[in-house]
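Those protein sequences? They're chains R and L, same order as listed.
Residue 1 is where the first sequence starts when you use this note's numbering, and the numbers rise one by one after that.
Residue 1 is where the second sequence starts when you use this note's numbering, and the numbers rise one by one after that.
Check before you lean on any hint, since a few could be wrong.
To be verified - With a straight-line Cα cutoff of 20 angstroms, these simulated EDC-like cross-link-like pairs (lysine to aspartate or glutamate) come out:
#1 L:Lys-73 to R:Asp-124
#2 L:Lys-89 to L:Asp-101
#3 L:Lys-55 to L:Asp-19
#4 L:Lys-238 to L:Asp-254
#5 R:Lys-149 to R:Asp-119
#6 L:Lys-291 to L:Asp-101
#7 L:Lys-46 to L:Glu-83
#8 L:Lys-61 to L:Glu-94
#9 L:Lys-73 to L:Glu-90
#10 L:Lys-73 to R:Glu-168
#11 L:Lys-168 to L:Asp-266
#12 L:Lys-46 to R:Asp-45
#13 L:Lys-55 to R:Glu-168
#14 R:Lys-149 to R:Asp-113
#15 R:Lys-149 to L:Asp-352
#16 L:Lys-375 to R:Glu-150
#17 L:Lys-375 to R:Asp-43
#18 L:Lys-234 to L:Glu-264
#19 L:Lys-375 to R:Glu-42
#20 L:Lys-242 to L:Glu-231
#21 L:Lys-241 to L:Asp-254
#22 L:Lys-170 to L:Asp-233
#23 L:Lys-46 to R:Asp-124
#24 L:Lys-82 to R:Glu-168
#25 L:Lys-46 to R:Asp-43
#26 L:Lys-30 to L:Asp-19
#27 L:Lys-318 to L:Glu-423
#28 L:Lys-291 to L:Asp-266
#29 L:Lys-327 to L:Asp-352
As the list claims (entries may be wrong) - From the derived model, a few chain L residues whose C-beta atoms are all more than 12 angstroms from chain R:
#30 Ala-49
#31 Glu-94
#32 Asp-125
#33 His-127
#34 Gly-142
#35 Ala-147
#36 Arg-194
#37 His-201
#38 Lys-226
#39 Thr-249
#40 Arg-315
Just so you know, these hints were derived from the structure itself, not from any lab.
Cβ coordinates follow ideal geometry from the N, Cα and C atoms, glycine included.
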Amino acid sequence: MGSVMRGRAHVYSRAHINTDEIIPARYLNTHDHAELAKHAMEDIDPEFVSRVQPGDFVVAGEDFGCGSSREHAVWALRSAGIQCVIAANYARIFFRNSLNNGFLAVECPGIVDKITSGDEIEVDLEKGTIRNVTRGTEEAFLPLTPFVKEMLAAGGLLPYIARRHGLEYTPAPPVPRLDVKLSQLMPAGR
Amino acid sequence: MARSMTITEKILAAHCGRDSVQPGEIVNVKLDLIVCHEVTTPPAIKMMAQIGVSKVFDPTKIVVTPDHFVPNKDIQTAELTKELHRWVKEQGIERYHQLGDHGICHALVPEQGYILPGMTAVCGDSHTTTLGAFGAFASGIGSTDLAAALATGELWFRVPETLRFNVKGKLPHGVYAKDLILYIISKTGVDGARYCTMEYHGSAITAMSMESRLTICNMAVEAGGKSGIMEADKVTAKYLKKRTTQPYTVFQSDAGAHYKDVYEIDASVLEPMVALPSLPSNGRFIGEVTKIAIDQAYIGSCTNARIEDLREAARIMKNRHVAPGVKAIVVPATSGVWRQALREGLFDIFADAGCVISTATCGACLGGHMGVLGKGEVCISTTNRNFVGRMGHPEAQVYLASPATVAASAIAGRIADPRDYMEKPLPRRGEKEVLVGVAEGDRRPQEDYLWGV
Ligand code: SF4
Numbered sequence: 001m002g003s004v005m006r007g008r009a010h011v012y013s014r015a016h017i018n019t020d021e022i023i024p025a026r027y028l029n030t031h032d033h034a035e036l037a038k039h040a041m042e043d044i045d046p047e048f049v050s051r052v053q054p055g056d057f058v059v060a061g062e063d064f065g066c067g068s069s070r071e072h073a074v075w076a077l078r079s080a081g082i083q084c085v086i087a088a089n090y091a092r093i094f095f096r097n098s099l100n101n102g103f104l105a106v107e108c109p110g111i112v113d114k115i116t117s118g119d120e121i122e123v124d125l126e127k128g129t130i131r132n133v134t135r136g137t138e139e140a141f142l143p144l145t146p147f148v149k150e151m152l153a154a155g156g157l158l159p160y161i162a163r164r165h166g167l168e169y170t171p172a173p174p175v176p177r178l179d180v181k182l183s184q185l186m187p188a189g190r
Numbered sequence: 001m002a003r004s005m006t007i008t009e010k011i012l013a014a015h016c017g018r019d020s021v022q023p024g025e026i027v028n029v030k031l032d033l034i035v036c037h038e039v040t041t042p043p044a045i046k047m048m049a050q051i052g053v054s055k056v057f058d059p060t061k062i063v064v065t066p067d068h069f070v071p072n073k074d075i076q077t078a079e080l081t082k083e084l085h086r087w088v089k090e091q092g093i094e095r096y097h098q099l100g101d102h103g104i105c106h107a108l109v110p111e112q113g114y115i116l117p118g119m120t121a122v123c124g125d126s127h128t129t130t131l132g133a134f135g136a137f138a139s140g141i142g143s144t145d146l147a148a149a150l151a152t153g154e155l156w157f158r159v160p161e162t163l164r165f166n167v168k169g170k171l172p173h174g175v176y177a178k179d180l181i182l183y184i185i186s187k188t189g190v191d192g193a194r195y196c197t198m199e200y201h202g203s204a205i206t207a208m209s210m211e212s213r214l215t216i217c218n219m220a221v222e223a224g225g226k227s228g229i230m231e232a233d234k235v236t237a238k239y240l241k242k243r244t245t246q247p248y249t250v251f252q253s254d255a256g257a258h259y260k261d262v263y264e265i266d267a268s269v270l271e272p273m274v275a276l277p278s279l280p281s282n283g284r285f286i287g288e289v290t291k292i293a294i295d296q297a298y299i300g301s302c303t304n305a306r307i308e309d310l311r312e313a314a315r316i317m318k319n320r321h322v323a324p325g326v327k328a329i330v331v332p333a334t335s336g337v338w339r340q341a342l343r344e345g346l347f348d349i350f351a352d353a354g355c356v357i358s359t360a361t362c363g364a365c366l367g368g369h370m371g372v373l374g375k376g377e378v379c380i381s382t383t384n385r386n387f388v389g390r391m392g393h394p395e396a397q398v399y400l401a402s403p404a405t406v407a408a409s410a411i412a413g414r415i416a417d418p419r420d421y422m423e424k425p426l427p428r429r430g431e432k433e434v435l436v437g438v439a440e441g442d443r444r445p446q447e448d449y450l451w452g453v
């Protein structure tokens with residue numbers, strides 16, 4: 001099944017983890033994704049980058065990604081190998097940037113109490129659930145709205161507007177791939 | 001008849017070809033103004049190429065200035081401004097403010113008369129909310145959004161719910177717009193306005209100068225807001241009259257408009273505020289914090305480095321000296337403010353007091369340059385964020401306050417109450433207004449503007 005993502009959790013249970021913590025401003029002198037990835041979460045968890053495996057999840061409390069509008073925060077996490085963020089809720093620009101990049105950010109209030117760092121978890125997009133494989137528990141995340149699904153299915157804002165305006169979209173050089181096809185969220189032909 | 005709407009709903013409806021919109025709807029909005037700086041624009045330029053667009057949708061709707069790391073702080077930032085420069089020339093963008101004419105974008109755009117009531121404006125920067133002080137919808141976006149905006153002139157938005165703030169009363173002596181917004185954020189929390197717009201009304205707001213209003217709307221994002229907004233009035237019209245001849249449309253909220261929440265605030269009981277590390281919502285009245293010793297006092301940023309801010313700081317520093325061991329740094333928000341401060345003799349006051357003065361730049365506000373903090377250092381700053389690591393080392397501590405409080409603290413060597421450094425109530429009214437950022441010969445004649453809707 002293509003709609004299930006599996007990986008280990010990195011839990012930051014505090015609320016208001018801001019973009020300066022996700023990627024400090026001192027690294028904004030570049031927008032090279034691989035370079036940014038080396039410094040993801042550096043000020044809050046210096047070991048993060050050495051621990052993270054491709055396909056892992058960041059799990060966080062409320063208002064994740066507050067602060068500056070830097071899309072570098074999304075790029076840094078994704079290029080470090082994170083395939084999806086699960087948080088109680090998000091600051092709006094972080095959520096917007098995730099969506100615009102076709103990067104999955106799901107909302108699940110109270111999730112930080114259900115998952116410990118290192119737990120293996122499974123996110124099922126079709127069922128709308130987050131299963132903690134290690135603990136054997138399951139949570140539902142807030143349903144994705146039709147607009148969010150449409151944007152994710154398109155692969156982000158650029159391919160989305162390319163389609164709307166009859167333009168041709170050329171993807172950027174590849175970043176670590178999700179093992180799930182977001183295009184499966186939407187019926188073919190949309 | 002269309003349903004009753006807030007000012008924000010009206011502006012969004014007018015820009016998506018609809019009679020009315022409702023909170024929660026996703027609408028595709030036509031953009032009137034796109035502001036670009038050197039950090040988030042170069043990635044957007046690359047992304048435009050990814051969708052095969054080589055020309056921006058309309059160069060006359062774009063304003064460009066380098067601001068975050070100017071003058072270039074290292075080779076990489078030099079490459080960013082170089083790329084920005086190349087692109088501006090290639091696209092034929094005329095409203096381009098190069099080094100010497102540059103400024104922090106959210107301060108430069110109002111000063112130049114580029115933002116007008118009723119507009120929709122975006123910038124790849126979260127403090128774009130500042131521009132809402134003119135009765136415009138202005139919101140921060142990321143680089144992908146910016147690419148889409150530059151390529152197509154439109155962008156998707158979720159129509160925000162509105163929080164209404166009725167601020168009555170008069171701000172007391174020594175208490176400023178910054179104190180008011182820190183107070184408000186201490187009440188809402190850093191996510192109390194998440195996804196919402198913060199709409200301000202009341203006698204305390206209408207009595208404020210445009211510059212003070214900008215300070216309030218600047219920090220909407222510190223409460224999680226999508227935008228901040230104030231209805232344009234006589235103060236707005238007077239400010240714009242000297243800067244532009246462009247017509248504009250003034251929108252106002254309907255009496256029956258729906259608000260998610262309404263806050264009633266009495267400005268007359270406020271005192272100077274200080275936000276403790278490491279959240280802007282940690283605001284306290286100054287009485288609770290005056291014993292904290294400081295290493296640095298920073299006056300700068302898009303929040304509080306306009307001419308009125310520098311005047312307030314200078315009033316306190318005049319004939320005084322910064323405490324031994326304290327680094328005091330003054331960073332005017334724009335080149336126009338810088339020149340005006342020089343002419344008014346404010347730099348003499350700062351220099352004699354032992355401050356250093358920089359060119360306009362974001363500088364240390366985001367830990368870029370011009371006063372980055374080391375481990376354990378304590379800074380009181382007129383900026384808008386005191387997050388962990390924001391101004392430098394993650395173990396540095398940042399306190400946020402008004403320019404007057406920062407100036408008083410620089411003199412005292414510890415966080416200090418500015419009222420202790422002011423002998424008598426300051427003359428707030430009738431002060432000669434000086435036009436910042438526009439050369440004498442460039443002043444444009446008045447023209448009628450549209451008032452109504
Ligand atoms: S001054 Fe600070 S807050 Fe304002 S735009 Fe620059 S970095 Fe952002």
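We went through each hint and held it up to the structure:
| no. | hint | in the structure |
| --- | --- | --- |
| 1 | L:Lys-73 to R:Asp-124 | violated, 46 angstroms |
| 2 | L:Lys-89 to L:Asp-101 | holds, 16 angstroms |
| 3 | L:Lys-55 to L:Asp-19 | violated, 32 angstroms |
| 4 | L:Lys-238 to L:Asp-254 | violated, 24 angstroms |
| 5 | R:Lys-149 to R:Asp-119 | violated, 27 angstroms |
| 6 | L:Lys-291 to L:Asp-101 | violated, 40 angstroms |
| 7 | L:Lys-46 to L:Glu-83 | holds, 11 angstroms |
| 8 | L:Lys-61 to L:Glu-94 | holds, 10 angstroms |
| 9 | L:Lys-73 to L:Glu-90 | violated, 25 angstroms |
| 10 | L:Lys-73 to R:Glu-168 | violated, 37 angstroms |
| 11 | L:Lys-168 to L:Asp-266 | holds, 5 angstroms |
| 12 | L:Lys-46 to R:Asp-45 | violated, 31 angstroms |
| 13 | L:Lys-55 to R:Glu-168 | holds, 15 angstroms |
| 14 | R:Lys-149 to R:Asp-113 | violated, 27 angstroms |
| 15 | R:Lys-149 to L:Asp-352 | violated, 60 angstroms |
| 16 | L:Lys-375 to R:Glu-150 | violated, 46 angstroms |
| 17 | L:Lys-375 to R:Asp-43 | holds, 12 angstroms |
| 18 | L:Lys-234 to L:Glu-264 | violated, 23 angstroms |
| 19 | L:Lys-375 to R:Glu-42 | holds, 15 angstroms |
| 20 | L:Lys-242 to L:Glu-231 | holds, 19 angstroms |
| 21 | L:Lys-241 to L:Asp-254 | violated, 26 angstroms |
| 22 | L:Lys-170 to L:Asp-233 | holds, 18 angstroms |
| 23 | L:Lys-46 to R:Asp-124 | violated, 33 angstroms |
| 24 | L:Lys-82 to R:Glu-168 | violated, 28 angstroms |
| 25 | L:Lys-46 to R:Asp-43 | violated, 29 angstroms |
| 26 | L:Lys-30 to L:Asp-19 | holds, 15 angstroms |
| 27 | L:Lys-318 to L:Glu-423 | holds, 12 angstroms |
| 28 | L:Lys-291 to L:Asp-266 | violated, 27 angstroms |
| 29 | L:Lys-327 to L:Asp-352 | holds, 14 angstroms |
| 30 | Ala-49 | violated, 8 angstroms |
| 31 | Glu-94 | holds, 25 angstroms |
| 32 | Asp-125 | violated, 6 angstroms |
| 33 | His-127 | violated, 9 angstroms |
| 34 | Gly-142 | violated, 4 angstroms |
| 35 | Ala-147 | violated, 7 angstroms |
| 36 | Arg-194 | violated, 6 angstroms |
| 37 | His-201 | holds, 23 angstroms |
| 38 | Lys-226 | violated, 6 angstroms |
| 39 | Thr-249 | holds, 26 angstroms |
| 40 | Arg-315 | holds, 32 angstroms |
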